[in-house]
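2 protein chains.
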Amino acid sequence: MKKSLSANTLVYPTPVWVIGTYGEKDEANVMTAAWAGICCSKPPCVAVSLREATYSHGNIIRNKAFTVNIATEQYAAEVDYFGISTGRKVDKPATCGLTPVKSELVAAPFIKEFPLILECGLLKVVEIGLHTQFIGEIMDVKCDEEIIGDQDVPDIEKLRPLVFSPVSRRYHGVGDFIGDAFSMGKKYRKKT
Amino acid sequence: MKKSLSANTLVYPTPVWVIGTYGEKDEANVMTAAWAGICCSKPPCVAVSLREATYSHGNIIRNKAFTVNIATEQYAAEVDYFGISTGRKVDKPATCGLTPVKSELVAAPFIKEFPLILECGLLKVVEIGLHTQFIGEIMDVKCDEEIIGDQDVPDIEKLRPLVFSPVSRRYHGVGDFIGDAFSMGKKYRKKT
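Chains as they are written, first to last, in the working numbering: chain A, 6 to 197; chain B, 6 to 197.
For the record, the hints were derived by calculation from the structure and aren't laboratory data. Note that the structure is predicted; figures quoted are calculated from it, not measured. Any given hint could turn out to be false.
Because identical chains share one entry, a pair is satisfied inside a single copy or across any pair of copies.
Okay, derived cross-link-like pairs now, BS3-like style, lysine-lysine, Cα gap no bigger than 27 Å in a straight line [said to hold, decoys possible]:
id: 1; residue 1: Lys163; residue 2: Lys69
id: 2; residue 1: Lys8; residue 2: Lys94
id: 3; residue 1: Lys191; residue 2: Lys117
id: 4; residue 1: Lys69; residue 2: Lys107
Construct all of the structure, not just a fragment, from the sequences and the given hints.
Here it is, written out as structure tokens:
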């Protein structure tokens, strides 16, 4: 018998992504989001939900662009700071000694020190409730050579992205390799 | 200097969620999705993107409901099978010896053996491209007592959800505790 926990955002895992935008004075701003995910393969898109009250919300509307900087273990404190401070009052990248770089593809900055970044053009805006969902088309993915693994794509064990637990509000790393997708399940095909 | 990997869904981590629906003959069906995430706090909502070609896509449109069953390490092979087979041809839960349970809140089944499930009513349908995004309002979250931790919410270390790496197509577990969110970043407040 399962216990009811009521209607709440108790789902796992959620990502930890740092969203890069330009502010009202064209200054580089970053904020942390966990209500996010991939939402389409063609065109390749991500969805990021932000409250209208945030500075980044207006920045995305105005510039029609944002970056996704994948939060990693070594930047956990910086990433957390990006989520508890506002770009209306502080220069978040400068406070943490991080370097914003202007994207050549979209009107948004990415963080040089973060090993994996996505440059996104705003494709759709979906009003849901407290959060507005921004659907961004991925125009390019850029990464540091050090995190490239097999198949010439990032290796999650080298990237070491953060995982967030809603409500209990904890960061975890990524753990052991469990198995290959589109492969482990083949044993059940014999049974049908 | 970052290397360009072109426009692709190379972002991390992505969740592994098993989506429960009723099929054309009211039979219980499940499929695995990784293009998904939380998208709103009030009302609490998740977004799940599926290709129109999938059986589950039509099931959600018809029943206006789905469940999210969080994939965990011990069911990795079953979850993978749910992603490489179609409910048009096989009874996936039965093939794996798993038990569908009819939700009392929405017109969709959940899997009894999975420790954490969400019952969702369809709120919005967003056409993006190859994928359709279904935004579901979370009507209830139900879980097994064994995975409850502090604060009376699920403990990610007890739940042991899967993490998926796109393109390289690998499953990983959740790793070490890194720190408390809304806390680790406070040290930077002193600097501003």
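Taking the hints in turn, this is what the structure says about them:
1. Lys163 x Lys69: neither (32 Å within a copy, 40 Å between copies)
2. Lys8 x Lys94: Neither way: Lys8 and Lys94 sit 43 Å apart in one copy and 33 Å across, limit 27 Å.
3. Lys191 x Lys117: between (41 Å within a copy, 22 Å between copies)
4. Lys69 x Lys107: within (15 Å within a copy, 43 Å between copies)
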